[in-house]
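Engineer: This is what each chain is made of:
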Amino acid sequence: MSDHPSPSFWSRNQKQIAPWVFLVPGMVMFLLYVIYPILESMLISLYEWDGLGPKTWVGLQNYRDLLNDDSFYTSLKNNVIWLMLYLLAIPGGLAVALFLNQTVAGIRLYKSLFFFPFVISQVVVGLIFSWFYAPDFGLLPHIIHFFTGTDLAILAEDKYATFGVIAAGLWPQTAYCMILYLTGLNNINPEQVEAARMDNAKGWSMLWNIILPQLRPATFIALVVTVIGALRSFDLISIMTVGGPYGSTRVLSYFMYEQALSEYGTAMGYGAAIAVVLFVIMLVFISLFIVRMLAQERNG
Amino acid sequence: MKLLMSLSGLALGLGLMATSALAGELVINSDQSDPAPKKAMEGLIADFEKANPDIKVKWNNFDHEGYKSAIRNFLTADAPDVAAWYAGNRMAPFVKAGLFEDVSDVWKDNGLDDSLKSAAASMTMDGKKWGVPYTYYQWGIYYNKDVYKKAGVTEPKNWAEFIANCEKIKAAGADCLTTGTKALWPGAGIFDYIDMRTNGYEFHMDLTAGRVKWTDPKVKAAFAEWAKVVPYMSANAAAIDWQDAAALLSQGKAANYVMGNFAVDTFKKGGMTNDNLGFMVFPEITAGVPRSEEAPTDTFHIPSGAKNKADAKKFLAFLASPDEQTKMNAILGQLPVNNKAQAANDPYIKAGFEELSSAHALAQFFDRDAPADMAKAGMEGFQEFMSHPDHLDAILERLQKVADKVYKQ
Amino acid sequence: MFPKPIAKSAPWAQRAYTLVLPVALIVWLLPLIGVAVTSIRPSSDLASGNYFGMPSGFAFWENYSAVFKNSNIGYYILNSFRVTIPTVIGAVGLSCLTGYALAVYKFKGNLAVFFMFVAGNFVPFQILAIPVRDLTLHMGLYDTMTGLVLFHIAFQTGFCTLFMRNFMKALPFALIESARVEGINEFRIFWYIVLPLVRPAMAALAVLVFTFIWNDYFWATVMAQSADVRPVTAGMSELKGQYKVAWELISAAAIVAALPPVAMFFLMQKHFIAGLTLGATKG
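For the protein sequence lines, the chains are A, B and C, in the order given. Going by numbering that gives the first Met the number 0, the letters in the first sequence line up with residues 0 to 299, in that order. Going by numbering that gives the first Met the number 0, the letters in the second sequence line up with residues 0 to 408, in that order. Going by numbering that gives the first Met the number 0, the letters in the third sequence line up with residues 0 to 282, in that order.
Calculated from the structure, these hints are not laboratory results. Be a bit skeptical, because a hint or two may be false.
Computed list of lysine-lysine pairs in DSS-like fashion (alpha-carbon distance at most 30 Å, straight line) [as the list claims (entries may be wrong)]: (1) B:Lys144 x B:Lys313; (2) B:Lys349 x A:Lys54; (3) A:Lys158 x B:Lys128; (4) A:Lys54 x B:Lys95; (5) B:Lys57 x A:Lys158; (6) A:Lys110 x C:Lys3; (7) B:Lys57 x A:Lys54; (8) A:Lys76 x B:Lys407; (9) A:Lys14 x C:Lys68; (10) B:Lys57 x C:Lys68; (11) B:Lys49 x B:Lys306; (12) A:Lys158 x B:Lys49; (13) C:Lys105 x A:Lys14.
Quick partial rundown of chain B residues pointing at chain C, CB under 8 Å, derived from the structure [claimed, not checked]: (14) Glu24; (15) Gly65; (16) Asn72; (17) Asn338; (18) Ala342.
All C-beta atoms in this analysis are idealised placements derived from N, C-alpha and C, irrespective of residue type, glycine included.
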């Protein structure tokens, strides 16, 4: 980096100092609002606190209470269901991308419109699907009634409600994966594809052996965003079911909100404990992703 | 980090002190963001300033929902002189934390134990008074007279007749009882009444205060009565809001609805009129149990951190007067607490006035009588019970588990 | 190209494809179409139970103007802008600085700081909620625009730093080197040489951050209580209560609330997609 004559004291120091000067504003904000709060939440989880009065030290009692709480297990179960089903957005997005990867007239408009659901706020998505599922006047119950003659209000049944909410979430998430894959498909090496075609490869074997490996970067990002999105999911549950019916759609993120930040809950210590559990679960996945990205950095 | 925060806090505090209330200024915080309460409050403040020209009122009006969290902050951080809130168990956390001022002297000096008698119990804790009530509204059963006629039934005199009516109403193709519990609280109204009618007001207060277990056989008995009407209730109640259920009543798809008087406006917007919208008191279940009613009461309090307590007390006394309560409630469409005030000339208000002034005692509604976290668990339990009455034992055990945690202080 | 270009298939396949496309789109957007149609139904339709038939009238002006007149939605939308725009400026600005530092300088801890930003971007909001609320309360900024904006700027710096750093890393380092040789100081290199080159990235990032912040619901609910601070996502739930069962009005309100990011998306599509897919094609 320095083949030129020995630089002055200032310019040498400038290169040492400069990065930190650039970094400091962003880092200070980030440390203050993200890193420090994570640690503080962990600390608060060791106390009992209603946000108003003094904090009382209770050690690990909040965690013991969690293990004894039915709502905790419901939330955990729902988080697992979310995680597993949300992953469907990835093959779903790939399928739609493959479907749209043609050059007919107007395909750009189609691609934009298919992507549309991702741009809308989850609040609006939740309202739209609540309307879609509503008994008496929703479109879906009408369709179900038409085909099976039964009445089914998805969001009123504890057996089905979570699946109804996840379906709503899959709508924008699939659109997102679709865009990732469309971009990925645009950047596939055409020579490899032509060569494979010459060898009479087509359909599934072409997809599996030639195309998918080249889509790995897109798949990785899709996986990261989908996993994180599934575990963080909050808006849809808050809008569509408010955690109900009778708490059956509760997930850890919403459970924490109910306990610490809503009208009916002022148990900040308990809420912090729930948040810590969610954080630790997510940390597992975040670490896996970071390790993978680190490897990419080292190789790239 | 903490030093920086406390320094900035100190700076803020000093700044605030410099602009704090001078004698003669009264700071009021309330949550009257909806049009009618806002108008009523504007009238009250204007009258108060006219009667007390040396006092200037500064009114901070919060959003109705946001207020419920905001109050927890401003009672400690920057207390006004007067704050709006609710009666009964809902004010208990603030009383226990020493954040409300004892106003027993205001009650004594103005004879309020007499004129505000019906709500006195809900304002009392440890034998002292902690605020002044100014409005409440009745709960009861609103029914569709056309559906009644079609099914050939009349107003039931007791629970047994009510259930018998349900059978006929079902045959006529309507739901006997409707509700919308997506927001949880409407279901609690049904529970409160069934418990009070089955076991009495005192038992219900013991339950909500944690002195009686959810697994008590008397509680089970109340649920058993509820189970009698569950088969005749609207399906999917858990998925709809109370307004959607109101539409069912207006459209004649349901016959009865346990609701508060504020719903009359919604019923009328859906097409009902004074001719076909009926109101009746919740029928008797256990013979001989004195009739108590739900009457959620709105109140004003003085925070213990208030700067101008003298004028605040004047305000509370003014608020308690029959004239002011008449005026405010005429705008609010609700009932004045002062028994010397006038109720508005509306059939439902008049019916409510009769119902409440002859009641044995007044409950404040489940989510105000029970502590917040108990209320939430309870209401979820009611919601589950209405969909799955066979889950009752599991529900009651779960509720008792929550109660053990909540009431242990 | 994969799958096989439709132009090379049999004519029946081509026709089938051109027919299936619009049908697929309609099925995909069915919930949205339903809401849009409901938003122009006159209220008499809903009162009489006509939810799916042809609307008996075209109540576009009545419904949409009713939404603005009878509710605070205009105000909430204004609030959303007042939160989103400063956040975009702050986050993109800060991340140009941090991205530059991490992309251009080799120093110990470079990767650690970088991954701190990346990992912090993934944490669940709930682990931050109580302390951030507390901090904002102590600063006297609770229930203010500033409080909400400060948090968003800080949090978005994570994602934005990742983005800008990756983009800047792909720039030709020779430019910076030669500038250094000429004795230009670091800040001028940043401002005059690098920044102009990353304008497309800044545009993409701005569009993305606008969408994320506009659509944020959790922080809008936790940090903003009163009507004059509430963004439209938090305000929507109030509308639902206010309108009771006026589904035609709620539908109109939902459409109105969704419009700005949608407009942003259609106007800046290229940037939007470039932003979202950065890294999707790196090996």
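Engineer: With the threshold set at 30 Å, check whether the alpha-carbon distance from A:Lys158 to B:Lys49 stays at or below it.
Structural biologist: The hint is violated at about 61 Å.
Engineer: Would the pair A:Lys158 and B:Lys128 pass a check requiring their Cα atoms to be no farther apart than 30 Å?
Structural biologist: violated, 48 Å
Engineer: Assess, step by step, whether the Cα of A:Lys14 is no farther than 30 Å from the Cα of C:Lys68, and give holds or violated.
Structural biologist: Violated. A:Lys14 to C:Lys68 sits at ~58 Å, over the 30 Å cutoff.
Engineer: Just to be careful, I want the Cα atoms of B:Lys57 and A:Lys158 compared with a cutoff of 30 Å; is the pair within it?
Structural biologist: Distance ~52 Å between B:Lys57 and A:Lys158 Cα, so the pair is violated.
Engineer: Going by Cβ atoms only, is B:Glu24 closer than 8 Å to chain C?
Structural biologist: Where the cut-off is 8 Å and the nearest Cβ of chain C is about 21 Å from B:Glu24, the hint is violated.
Engineer: Minimum Cβ distance from B:Asn338 to chain C below 8 Å?
Structural biologist: violated, 33 Å
Engineer: For the pair supplied as a hint, B:Lys57 and C:Lys68, confirm whether the alpha-carbon distance does not exceed 30 Å.
Structural biologist: holds, 28 Å
Engineer: Holds or violated: A:Lys110 and C:Lys3, Cα atoms, limit 30 Å.
Structural biologist: holds, 18 Å
Engineer: For the pair supplied as a hint, B:Lys349 and A:Lys54, confirm whether the alpha-carbon distance does not exceed 30 Å.
Structural biologist: Violated: B:Lys349 and A:Lys54 sit about 49 Å apart, past 30 Å.
Engineer: B:Lys49 and B:Lys306 were given as a pair; does the straight-line alpha-carbon distance stay at or below 30 Å?
Structural biologist: Holds, at about 22 Å.
Engineer: For the hint on B:Ala342, does the least C-beta distance to chain C fall short of 8 Å?
Structural biologist: Status violated, d = 26 Å.
Engineer: Does the structure keep C:Lys105 and A:Lys14 at a Cα separation of 30 Å or less?
Structural biologist: Distance of about 10 Å is within 30 Å: holds.
Taken one by one, the earlier hints fail for this structure at numbers 1, 2, 3, 5, 7, 9, 12, 14, 17 and 18, listed in ascending order.
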